[in-house]
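Chains A and B supply the protein sequences, listed in that same order. Residue numbering for the first sequence follows my numbering, beginning at 22 and increasing consecutively. Residue numbering for the second sequence follows my numbering, beginning at 3 and increasing consecutively.
Check the hints yourself; a few may be wrong.
Some chain A residues close to chain B (C-beta under 10 Å, calculated; not the full set) [as the list claims (entries may be wrong)]:
1. 41
2. 44
3. 46
4. 121
5. 122
If you want the ones that stay clear, here's a sample from chain B, every Cβ over 10 Å from chain A, calculated [stated by the list, open to error]:
6. 218
7. 228
8. 457
For each label pair, taking beta carbons as the anchor points, the in silico distance ranges come out as [said to hold, decoys possible]:
9. B/662 x A/24: 54 to 60 Å
10. B/661 x A/85: 33 to 39 Å
11. A/123 x B/621: 27 to 33 Å
12. A/101 x B/662: 44 to 50 Å
13. A/85 x B/642: 32 to 38 Å
Hints were generated in silico from the structure; no laboratory data involved. Computed from a predicted structure; not experimentally measured. The beta carbon of each residue, even a glycine, is placed where N, CA and C say it ideally should be.
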Amino acid sequence: MSDSLDTYLILSGILFAIGSFGFLARRNAISMLMSIELMLNAVNLAIVAFGLFGRYPDATAQGAVFALMVMTVAAAEATVGLAIVIAIYRNKKTPLVDEYDSMRQ
Amino acid sequence: MTVETLLPLLLVLPLAGFAFTALVGRRLGKGAHWVAVGVIFLAWLIAMIAVVNVLTGTAPAIEGTESHGYIVGPWERIPAAGFHVDLGLYVDELTACLLIVVTTIGLLVHIYSVGYMAHDPGYWRFFAYLNLFMFSMLLLVLADSWLVVFVAWELVGLSSYLLIGFWYRKRSAALAAKKAFIVNRVGDVGFALGIMAIFVNTGTLNIHDSIAKLTGGESALTIPIWIVALLVFAGAMGKSAQFPLHVWLPDAMEGPTPVSALIHAATMVNAGVYLVARANPLFAAAPSAMVVVAAIGIFTAILAASIAMTQTDIKRVLAYSTLSQLGYMFAALGVGAFTAAIFHLMTHGFFKGLLFLGSGSVIHAVHEEQDMRRMGGLAGKIPITYVTMLIGSFAIAGIPPLAGFFSKDEILGEAFKLGFPWIWAIGLFVALLTAFYMFRLMGRTFWGSFRGPKELWDRIHESPSVMTVPLILLAIPSAVLGLALGLPFGASVIHGWLEPVFHEAVELLGHAEAEYQLFGIDGALIGASVAVAAVGVALAWRYFGADIDGVHVPARPEAVREISARPGLSFLYRASLNKWWFDELYHLLFIVIGGRIAQAFWWFDREVVDGTVNGIGSTTVVTGRNIRRVQTGRVQNYALGIALGLIVMAGSYLLLISAPR
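If we strip away everything but chain A, and leave its shape as in the complex, we get (with noise of 0.2 Å):
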């Protein structure tokens, strides 16, 4: 545990890079589904330590509740997605978003 902001802010913008670099360079649909959960998790993070170092002391709990409620809202996200992804994949026979090109003229 460290004591300092900085540190929590780096881990969270490191976790949101390699988020967004899986979202924008892989081409399969549940790995792109994983990296949007990486991202989550990424903000999630930020927010417990702004609630921890943040100006007002007594926000720590207010920072761990709303994490709390993005990762409810990110479980039914993720579920939402899958079943997408799962119904195209019946479909299409592929895994893969670049194949995913019906709705193209």
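Once you've looked at the hints, dock chain B against the given chain A.
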């Protein structure tokens, strides 16, 4: 049954005849005329009942006027908030005079057409059109609303168009029909504007109410009355073919001859005269407009008479003669001699209808030849046509005691006495020309020797009685109508009839009631016009021959050639032969120059107006086609866009807050 209940039948019968003949006429073949002629005969009977009642004064008095007559309706049509058009029939002495001409000549022309059109494949179509015309013309004279008059005005124009272009496979006929229609449009624009001006001024479309309001002087008018009068007159100029809209009438002779007689001599072209006469207080309240009417009338009279001198087509001579006589009528209206104008309208309707039907009989006899250069000496071959046309010619030349003498003399005398000596002088000269060209026509057609092909001569025969009987029936009024209506001088029958109608206008004009002096000024004027007519006839006989009881004068074509080649006269001769180059002038003005301007406008419309609209469309299409490439359909590309956008926004925010203030 009262007359009021019969009057709507005047309109219903010809309309029903038109509908019936148009729908089932083709199956009736040669029997197509029975219904068409029958309904016109019934309409004639009804009209005569109404006319007799109105003119003898047994009809009820019309409220607010001194006239006797009938008002039927009005039935409200097209009701809207604060505006409605009423259809009502209005019969007074003026309408009665028109009804006599329209229904009588209409009936005789229908009967004549049975013979004239007998071999035409469009037999049933011809009678359907004639019935449509009769309906329109009767609506025109009976209606009491400006708007209904305008509708009828257009309907007679339509029937005229259909009948001029009756032989539509002939290119010249189709073109003549189009010309008549287009030239009439020019006048109709004026008439429509006039009606709008009347409505703006008075808020009513009823002819009698609106004129009472216009001339009553109770409230200031939005549009000056002389403008209203001139706009209405513009419509009259178109329909009655007055200069400068006279060019359509001679070309209208492309239609069958009964049509020329009915529409282009006796009835429709009189609609303009009727309109001005009907609106007489309106014109009387605008003396400046009256002068314009008189000037255009007398100018048309001399212009047309000068052209009629040299034309070789028998129907064209009569067409220009019609123009000239209509000019007389407008001159009479313009000087304020309304009764004289209507009197001339009636006599002219009969004798010009007779002359046209006679010319049709001549054309029929020489197998569709209209050129007088290939006629001559026909008097012995077609005696009935000859005698009736001779009566008609004497009548139009103004030889007493035939009809034309009385009416023409009244116009000239009134013009002189009402202070327009220049109109009298020109009119007198036109009377000379009239007598000359009519007897030139007679000389070229009936006297001398036949100039057509020899083998035709033996086949020339008189027309069947279905054609000659109408000629005889028209010759009778041409001879005696003047005696019946024009006597005694100064207090004639027709003055008694029309006095209530024109009373108000004459008062507005302030004409002094002068004592009629048969052995003074009036006698001298009569003497002058008779002398002039006699000189005209004598001149025509001298140059174009005559072969009438006791008078045998040979034609002298070489003298005619010599005179027409003289230096001063050759220009006039060429001008007359070429109709003063009006067709060429209009061709230059409206087809060449107007066409260029139209083409410039077309270019502007095509390139600038259409170009703007199409340009907006095609720019959108091209832009869309190019921008569409952004939509790759790959999720990663969109995500990259979102990420880049976020970086740009966050970066610029950071730059802004860190910027030194």
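### residue 85 of chain A paired with residue 642 of chain B, Cβ distance criterion 32 to 38 Å
holds (33 Å)
### Task
Could you see if the CB distance from residue 123 of chain A to residue 621 of chain B stays within 27 to 33 Å?
holds (31 Å)
### Query
Holds or violated: is there a CB of chain B closer than 10 Å to the CB of residue 121 of chain A?
Cβ of residue 121 of chain A sits 8 Å from chain B, so the hint holds.
### Message
Take the shortest C-beta to C-beta distance between residue 122 of chain A and chain B; is it under 10 Å?
### Response
holds (5 Å)
### Task
Against chain B, run the beta carbon of residue 46 of chain A and see if the smallest gap drops under 10 Å.
With a minimum Cβ separation of about 8 Å from chain B (threshold 10 Å), the hint on residue 46 of chain A holds.
### Task
Mind checking the hinted window 54 to 60 Å against the Cβ distance between residue 662 of chain B and residue 24 of chain A?
violated (32 Å)
### Query
So is residue 228 of chain B really clear of chain A, every C-beta pair being over 10 Å apart?
holds (71 Å)
### Query
When you take the CB atoms of residue 661 of chain B and residue 85 of chain A, is the distance between them in 33 to 39 Å?
Roughly 36 Å apart at Cβ, these two residues keep to the hinted range, so it holds.
### Task
Determine whether the Cβ-Cβ distance between residue 101 of chain A and residue 662 of chain B falls within the hinted range of 44 to 50 Å.
Once the Cβ atoms are compared, 47 Å apart, the range 44 to 50 Å for residue 662 of chain B and residue 101 of chain A holds.
### Query
Regarding the assertion that residue 218 of chain B does not contact chain A, is the least Cβ-Cβ distance greater than 10 Å?
Holds, because the least Cβ-Cβ distance between residue 218 of chain B and chain A comes to about 77 Å, which exceeds 10 Å.
### Query
Does residue 457 of chain B really sit off the interface, with its C-beta more than 10 Å from all C-beta atoms of chain A?
holds (83 Å)
### Message
Restraint: residue 44 of chain A near chain B, CB-CB cut 10 Å. Satisfied or not?
### Response
holds (6 Å)
Violated hint: 9 only; the structure is consistent with all others.
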